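Below are the chains, spelled out letter by letter.
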Amino acid sequence: MTERNEALDARTRHRLEQFIAAAAGATHAALVELAPTGLGAPTDAILRVDFRDGPLAGAQNFVMHSLTPRRRDENVAVETLTPAQEYAVLRAAFAAGVTVPEPMWECLDPAVAGVPFFVTRRLAGITDPALVADPAKIGDGRALLGRLGEDIARLHSIRPPNADLDFLKIPRSNPSAQAIADRRAFIDRHSESHPVLEWGLRWLELNAPRNSEIVLAHRDFRTGHYVIDGSGGLIGIVGWRYAGWGDPMEDIGNFCARCWRFGATGEAGGIGERSDFYAGYARISGRAPDPGVVAYWEVAAHLRRACMALAEADRHLFGGEPSLEHALAGRLVAELELEILTATAEGLSHDSGNL
Amino acid sequence: MRDRPDAADLLDAACETFAEHLLPLIPDTHRAPAQRIAMAMAIAAREVRAGDEPLRRELAALAELYGESRPAADTREALLRELRRMNRRLAADLRAGLFDPSDPRRDRVHALLLSGTVQRVRETNPRELKARGQA
Chain A
1 MTERNEALDA RTRHRLEQFI AAAAGATHAA LVELAPTGLG APTDAILRVD
51 FRDGPLAGAQ NFVMHSLTPR RRDENVAVET LTPAQEYAVL RAAFAAGVTV
101 PEPMWECLDP AVAGVPFFVT RRLAGITDPA LVADPAKIGD GRALLGRLGE
151 DIARLHSIRP PNADLDFLKI PRSNPSAQAI ADRRAFIDRH SESHPVLEWG
201 LRWLELNAPR NSEIVLAHRD FRTGHYVIDG SGGLIGIVGW RYAGWGDPME
251 DIGNFCARCW RFGATGEAGG IGERSDFYAG YARISGRAPD PGVVAYWEVA
301 AHLRRACMAL AEADRHLFGG EPSLEHALAG RLVAELELEI LTATAEGLSH
351 DSGNL
Chain B
356 MRDRPDAADL LDAACETFAE HLLPLIPDTH RAPAQRIAMA MAIAAREVRA
406 GDEPLRRELA ALAELYGESR PAADTREALL RELRRMNRRL AADLRAGLFD
456 PSDPRRDRVH ALLLSGTVQR VRETNPRELK ARGQA
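Going down the list, the sequences are from chains A and B.
Under my numbering, the residue at position 112 of the first sequence is numbered 112, and the numbers go up by one with no gaps.
So the number in my numbering is just where the residue sits in the second sequence, counting from 1, plus 355.
Calculated from the structure, these hints are not laboratory results.
From a predicted model like this one, the values you see are computed outputs, not experimental measurements.
Relax, there's no trap hidden among the hints.
Sample of chain A residues lacking proximity to chain B, with all beta carbon distances greater than 12 Å (derived):
1) T12
2) A24
3) A35
4) E79
5) T80
6) R91
7) P116
8) R121
9) S173
10) N174
11) E213
12) I235
13) V238
14) R287
15) E321
Footprint (simulated), chain A over chain B, 3 or more residues, beta carbon under 8 Å:
16) 382-395
17) 442-451
18) 472-481
Ideal placement from N, C-alpha and C gives every residue a C-beta, glycine not left out.
Bound conformation, chain A alone (with noise of 0.2 Å):
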């Protein structure tokens, strides 16, 4: 793959274009564009292809990831996937019927095109919060919520063992005592202290649900990570870097979560009724969420973004990559705290206000 702004060079794009005609049986592809998507990693291109022939006869738009693993950072809030199990899986995901960029090719050899790498299709849509959230193209948003229950509950219907994502692992205890680990693990790392997430994974521990399944789950679902058409209709759910083996309702309790809702008034991710989402998940996996363990994951979705908020403004503050956006981040934790203790003010006599 080249990198940004430099010519490919003949040899090289002779090469792609026979990789992919084998790949997609075709006699002939020629690549129309390869360029950088400026979305995702920095390394992700898009890639045009007209093939000749084959089952993809005519042009076809992909994106072209690499596989060489990212930069290692030390202060990670959550560990993320390499590319390499991210192509896994994204595989694993679209076998159960999820609707994801549907996984192409992987190239292991590094002398087509100077690093190895896995191609996907690419998907022309929507996914800023701020227009997906638009009634011009969701309308009341209770199709999609339905599409996005449906979805999420198939990537749920995968579990361990699994041969093909051997490489994820399995929670020591039950899910929510890993997430706690997690979260203080990091904290220790952190240059302050921080009571209020102290007293948020306190509450985690204390009010941990009694039985926890162990699902593929997605660990980012969001809105701003599913793609939508012009029409509101679901065309893709992205963002896989931090899947793993974990509770279902951890997706359903960050999807929910305050902190992704965009400002706006919808619980279900900014952009409608739980219900809707809800029920779109009880018509795949056979039974609604409870209300209670979804709330418990809210929280957690709140104490996890707050150390990722932290680890971010970490990168400006000391890890050489001074940039506002990073030093906001670490303003943001304030408000992730907020919700925190308004979350688990229950019993308490003193007066929390309306917040």
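Let chain A serve as the given structure and place chain B on it in line with the hints.
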């Protein structure tokens, strides 16, 4: 003695000029960083205006919770040092379960954390407090 307007006034004026006269001219492609600049200046202005008073209130509440006499915090460095020390203690106690539901001080701890957090949100995103009916 510095001349006026002071730092908070200057930042307010800069924010207003930026939001009214420049932001509307910025193309969509550069809107996100421009909005971040406006947000950072607004947070800084509110923080400068609030000064150290919220930090002193937080320290006094922590000292009261732990029955300590008012800690010496004459300088800003001393104030921050004392706040770090006491927040570390509170964080460790919370993790150890000292303020679990059976503890009579639980209400007070929650109120203390909430009051400090509301103050921080007042500085970072007052609109969030308004949305929650706590402007």
